[in-house]
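So the protein sequences, as listed, match chains A and B.
For the first sequence, the numbering used here gives the first residue as 10, with consecutive numbering after it.
For the second sequence, the numbering used here gives the first residue as 10, with consecutive numbering after it.
Any given hint might turn out to be false.
Derived PhoX-like pairs (lysine-lysine); straight-line CA-CA distance at most 20 Å [stated by the list, open to error]:
1. A:Lys271 x B:Lys224
2. A:Lys60 x B:Lys42
3. A:Lys241 x B:Lys263
4. B:Lys60 x A:Lys42
5. A:Lys60 x B:Lys147
6. A:Lys53 x B:Lys166
7. A:Lys271 x B:Lys60
8. A:Lys53 x B:Lys53
9. A:Lys61 x B:Lys39
10. A:Lys166 x A:Lys155
11. B:Lys60 x A:Lys39
12. A:Lys39 x B:Lys53
13. A:Lys224 x B:Lys271
14. A:Lys263 x B:Lys241
15. A:Lys39 x A:Lys119
16. B:Lys155 x A:Lys241
17. B:Lys61 x A:Lys39
18. B:Lys147 x B:Lys224
19. A:Lys119 x A:Lys25
20. B:Lys123 x B:Lys224
21. A:Lys131 x A:Lys25
22. B:Lys241 x A:Lys256
23. A:Lys25 x B:Lys271
24. B:Lys155 x A:Lys61
25. B:Lys42 x B:Lys241
26. A:Lys271 x B:Lys241
27. A:Lys65 x B:Lys147
28. B:Lys147 x B:Lys131
29. A:Lys241 x A:Lys42
30. A:Lys42 x B:Lys53
Looking from chain A toward chain B, a few residues come up when the C-beta cut is under 10 Å (computed) [said to hold, decoys possible]:
31. Gly29
32. Gly30
33. Leu58
34. Arg148
35. Met167
36. Ala169
37. Glu229
38. Lys231
39. Asp238
40. Ala265
What the hints contain is simulated information worked out from the structure, not anything from laboratory work.
Glycine residues also receive a C-beta, built at the ideal position from the N, C-alpha and C atoms.
Protein chains: 2
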Amino acid sequence: MSWGSELWDQFDNLEKHTQGGIEFVDRYSKFVKERSEIETSYAKQIRNLSKKYQPKKNSREEEENRYSSCRAFVSTLNELNDYAGQHEVISENLTANIVAELARYLQELKSERKSHFHDGRKAQQQIESSWKTLEACKRKFERDCKEAERAQQHFEKMDADINVTKADVEKARQQAQGRHQMASDSKNEYSAYLQKFNQEQNDHYYTVIPNLFQKIQEMEEKRIERVGDCMKSFADVDRQVLPIVGKCLDGMTKAAESIDAKT
Amino acid sequence: MSWGSELWDQFDNLEKHTQGGIEFVDRYSKFVKERSEIETSYAKQIRNLSKKYQPKKNSREEEENRYSSCRAFVSTLNELNDYAGQHEVISENLTANIVAELARYLQELKSERKSHFHDGRKAQQQIESSWKTLEACKRKFERDCKEAERAQQHFEKMDADINVTKADVEKARQQAQGRHQMASDSKNEYSAYLQKFNQEQNDHYYTVIPNLFQKIQEMEEKRIERVGDCMKSFADVDRQVLPIVGKCLDGMTKAAESIDAKT
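Please model the complete structure; the sequences and the hints are all you need to start from.
In C-alpha cells, the structure reads:
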C-alpha cells in the first residue's frame with residue numbers, strides 16, 4: 010500500500026461512478042432517439058393510410074363525395090392526417106429538446122469530467138512526489154547522524170590512544186566536527202521540508218481535494234438535474250399535443266354527426 | 010322501348026347506387042382494419058422499446074437502480090408500457106366495435122338488398138307478363154271482330170243473291186251469328202282482363218313498387234346511420250384512452266420530479 014492509496018481508491022470509484030453517469034445519459038438519449046423514430050414511423054403510416062383512402066380524382070369515389078357519409082369520411086381522413094402531424098411534432102420535439110440537447114451536453118460533461126480527474130491525478134502525483142522528497146530528506150538526515158556518530162567515536166578513540174600524534178587527533182576532531190555540522194544541516198533541511206510538506210499535505214486534504222470533490226459532486230448534481238429536466242420534457246412533449254389530438258377527434262365526431270341519412 | 014322501361018332504368022340505377030353503398034361500407038371497414046393494424050404495430054414497437062431499456066437482472070444497470078434518476082427512468086419505461094397498452098385498446102376496440110360489427114352488417118345488408126331486388130324483378134316480370142296477356146286478348150278480340158264482319162258481309166251477299174238456296178242463306182246467317190257471338194265473348198274477355206290488369210297495374214305503381222322503394226330507402230338510411238355511428242365510434246375509441254394516456258404522462262412527470270440530485 011503506497012501513500013494515499015485510500016484517496017486513490019476514492020478517485021477510482023468516482024471515475025467509475027461518473028463514467029456510469031455518462032453512460033446513463035447516453036443510454037437515456039438513445040432511448041429518446043428510438044422513441045422519436047417510432048413516432049416518425051407511426052405518423053408516416055397514419056399519413057399513408059389517410060392518403061390511400063382519399064377519393065381519387067375524377068373517380069366514382071370523388072363523384073360520391075356529394076353524399077354526406079362520403080364527405081364525413083373525407084373529413085375523418087383529413088383529421089387523421091392532422092393527428093399524424095401531431096405525432097410528427099412529438100418526434101421533432103423529442104429530437105430537438107432532448108436528443109440534440111443531450112448530445113451537446115454529453116460532450117460538455119465528458120470534457121468537464123476529464124478535466125476534473127486530470128486535476129485530481131496531477132494533485133495526487135504532486136503530493137506523492139513531495140512525500141518521496143521528504144522521505145529522501147529523512148533518510149539523508151539519518152545517514153548523516155550515523156556518519157557523525159561514527160566520526161565522533163573515531164575521534165574519541167584517537168584522543169584516548171597514547172601512540173597517536175596530536176596532528177592526527179586534531180584531524181579526527183575536525184572530521185567529527187564536520188560530520189556533526191552536516192548532520193545538523195540535514196536536520197534543518199529535513200525539518201524545513203517537513204514543515205513545508207505538512208502545509209502542502211494540509212492544503213491537499215483540506216482544500217485541493219475537497220474542492221475537486223465538490224466540483225465533481227456539482228457536476229453530478231447538474232447531470233442528474235439535467236436528466237430530470239429531460240424526463241419532464243419527455244412527458245411534456247407528449248402532453249402538449251393531447252389538446253390538439255382531442256380537437257382532431259372532435260372534428261371527426263362533428264363530421265360523423267353531420268351525416269344526414271335522409272338526403 | 011318495352012313497357013315499363015323507365016321503371017327498369019330506375020331499378021338499374023338503384024341497384025348501382027346500393028351496390029356503391031355496400032362498396033363504401035366495405036371500403037370504410039378496410040380503412041378501420043388498417044388503422045387498427047397500425048395501432049397494434051405502434052403499440053408493439055413502444056412495448057419493445059420499454060422492454061429493451063429495462064435494467065437487466067443482476068446487471069450494473071439493476072445495481073444502479075438505487076439512484077433516483079435510474080428509478081425515474083424505470084418508472085418512465087413502465088408508464089410507456091401502459092401507454093402502449095392504451096394503443097392496443099384502441100386497436101382492439103376498433104376491431105371489435107367497428108370491423109367485426111361491419112363484417113356482420115355487410116352480410117345482412119347484402120342479403121337484404123338481394124331480397125329487395127329479387128322482389129322487384131319478380132313484380133316487374135309479373136306485370137309485364139300480365140300486359141302481354143292483355144295484348145293477346147286485345148289482338149284476339151280485334152281478329153274476332155274482323156271475322157264477324159267478314160261473316161256478316163258474306164251473309165248479306167248470300168241473302169241478296171237470288172241464285173242461292175235458302176238453306177245456304179240460313180247457313181251463312183248462322184255462321185255470321187256464331188262469329189258475332191265469338192267477337193262478343195272476346196270483347197267481354199278482353200274487357201274483364203283489362204279491368205283486372207288496370208287493378209294490377211294500379212297496385213304495382215301505387216303499392217308494390219312504392220313499398221319496395223320505401224324499403225330500399227330505409228335500408229339505405231339505416232346503412233348511412235350505421236356508417237355514421239361507426240365514424241363516431243372511430244373517434245370515441247381514441248378519445249376514451251386520452252385520460253389514461255394523460256395519467257401515464259403524469260406518472261412520467263411525477264417520476265421525473267422525484268429525482269433528487271442531492272442524494
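Against the structure, the hints:
1. A:Lys271 x B:Lys224: 13 Å, holds
2. A:Lys60 x B:Lys42: Between Lys60 of chain A and Lys42 of chain B the Cα gap is close to 15 Å, so the pair holds against 20 Å.
3. A:Lys241 x B:Lys263: With Cα atoms ~8 Å apart, Lys241 of chain A and Lys263 of chain B stay inside 20 Å; holds.
4. B:Lys60 x A:Lys42: Within the cut-off at roughly 15 Å; holds.
5. A:Lys60 x B:Lys147: 63 Å, violated
6. A:Lys53 x B:Lys166: 99 Å, violated
7. A:Lys271 x B:Lys60: 52 Å, violated
8. A:Lys53 x B:Lys53: 16 Å, holds
9. A:Lys61 x B:Lys39: Answer holds: Lys61 of chain A to Lys39 of chain B is near 11 Å, not above 20 Å.
10. A:Lys166 x A:Lys155: Holds: Lys166 of chain A and Lys155 of chain A sit about 16 Å apart, inside 20 Å.
11. B:Lys60 x A:Lys39: 14 Å, holds
12. A:Lys39 x B:Lys53: Distance of about 18 Å is within 20 Å: holds.
13. A:Lys224 x B:Lys271: Since the Cα atoms of Lys224 of chain A and Lys271 of chain B sit roughly 13 Å apart, the hinted pair holds (cutoff 20 Å).
14. A:Lys263 x B:Lys241: Given pair Lys263 of chain A, Lys241 of chain B holds - Cα atoms ~8 Å apart, limit 20 Å.
15. A:Lys39 x A:Lys119: The given pair, whose Cα atoms are some 17 Å apart, holds under the 20 Å limit.
16. B:Lys155 x A:Lys241: 105 Å, violated
17. B:Lys61 x A:Lys39: 11 Å, holds
18. B:Lys147 x B:Lys224: 36 Å, violated
19. A:Lys119 x A:Lys25: 13 Å, holds
20. B:Lys123 x B:Lys224: 12 Å, holds
21. A:Lys131 x A:Lys25: Holds: Lys131 of chain A and Lys25 of chain A sit about 18 Å apart, inside 20 Å.
22. B:Lys241 x A:Lys256: 14 Å, holds
23. A:Lys25 x B:Lys271: 19 Å, holds
24. B:Lys155 x A:Lys61: 71 Å, violated
25. B:Lys42 x B:Lys241: Distance ~16 Å between Lys42 of chain B and Lys241 of chain B Cα, so the pair holds.
26. A:Lys271 x B:Lys241: 18 Å, holds
27. A:Lys65 x B:Lys147: Measuring from Cα to Cα gives roughly 55 Å; hence the hint is violated.
28. B:Lys147 x B:Lys131: Between Lys147 of chain B and Lys131 of chain B the Cα gap is close to 24 Å, so the pair fails against 20 Å, i.e. violated.
29. A:Lys241 x A:Lys42: 16 Å, holds
30. A:Lys42 x B:Lys53: 17 Å, holds
31. Gly29: Check passed: Cβ of Gly29 of chain A comes within 6 Å of chain B, closer than 10 Å.
32. Gly30: With Cβ-Cβ at 9 Å, under 10 Å, it holds.
33. Leu58: It holds, given that the least Cβ distance between Leu58 of chain A and chain B is near 6 Å, below 10 Å.
34. Arg148: Where the cut-off is 10 Å and the nearest Cβ of chain B is about 45 Å from Arg148 of chain A, the hint is violated.
35. Met167: Nearest chain B Cβ about 74 Å off; hint violated.
36. Ala169: 76 Å, violated
37. Glu229: 8 Å, holds
38. Lys231: 8 Å, holds
39. Asp238: 8 Å, holds
40. Ala265: Because about 4 Å separates Ala265 of chain A from the closest Cβ in chain B, which is inside the 10 Å limit, the hint holds.
The structure fails hints 5, 6, 7, 16, 18, 24, 27, 28, 34, 35, 36 (numbered hints given earlier, in ascending order).
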